Every structure is written in C-alpha cells, then in structure tokens.
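All residue numbers for the sequence shown refer to the working numbering, where the first residue is 1 and numbers rise by one.
Keep in mind that the hints were calculated from the coordinates and are not lab data.
Nothing here was measured: the structure is a model prediction, and the numbers come from that model.
Don't take each hint at face value.
[As the list claims (entries may be wrong)] The calculated lysine to aspartate or glutamate pairs, modelled on DMTMM-like cross-linking and capped at a C-alpha distance of 25 Å, are: (1) K22 - D51; (2) K12 - D26; (3) K46 - D33; (4) K56 - E38.
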Amino acid sequence: MQNCEHYRFVEKHRPFRDLTFKFYSDGRLTIIDNGAGEVITPRELKGASHDFYVRKRIAFIKNDLEAKRLKYA
C-alpha cells in the first residue's frame, strides 16, 4: 500500500502559483500547479516554493530513515 503526504503551497510572489506537493512512500514526488492543472518538476520551482520543497523533502527522508531504523533495529 502506498502512503502519500499532501502539502499545499501558494507562492506570495509572481507567478503566484498554487501548488500541491505529493510525497509517496516509495520516494516518488508529484508537484501539481493547481491553477494551470499541470504537473511540474522540482527544477521549475524558484524562491519560496523551491525552499518549501527542499525542507519537506529533507523532512520526508529523515522520517523514512527513522521508520526504517526502528523497523530493522
């Protein structure tokens, strides 16, 4: 069963995108531009939205590593 964490981020500066980040338990990521209705890549993020992505990705990796450590310890 795939677990997925959803986060919403609205940019405060141009281009003012409304983004949904989906982090899947297998490491996959989907970023959706809600206004345009399209999937974008992390390379298309800039400024605050890129910072948000990096912070959430690091937190996701840390949580995943901790869960695996507890499972196999």
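Status of the hints after comparison with the structure:
| no. | hint | in the structure |
| --- | --- | --- |
| 1 | K22 - D51 | holds (16 Å) |
| 2 | K12 - D26 | violated (31 Å) |
| 3 | K46 - D33 | holds (13 Å) |
| 4 | K56 - E38 | holds (21 Å) |
Going through the hint list in order, the structure does not satisfy hint 2, though it satisfies all others.
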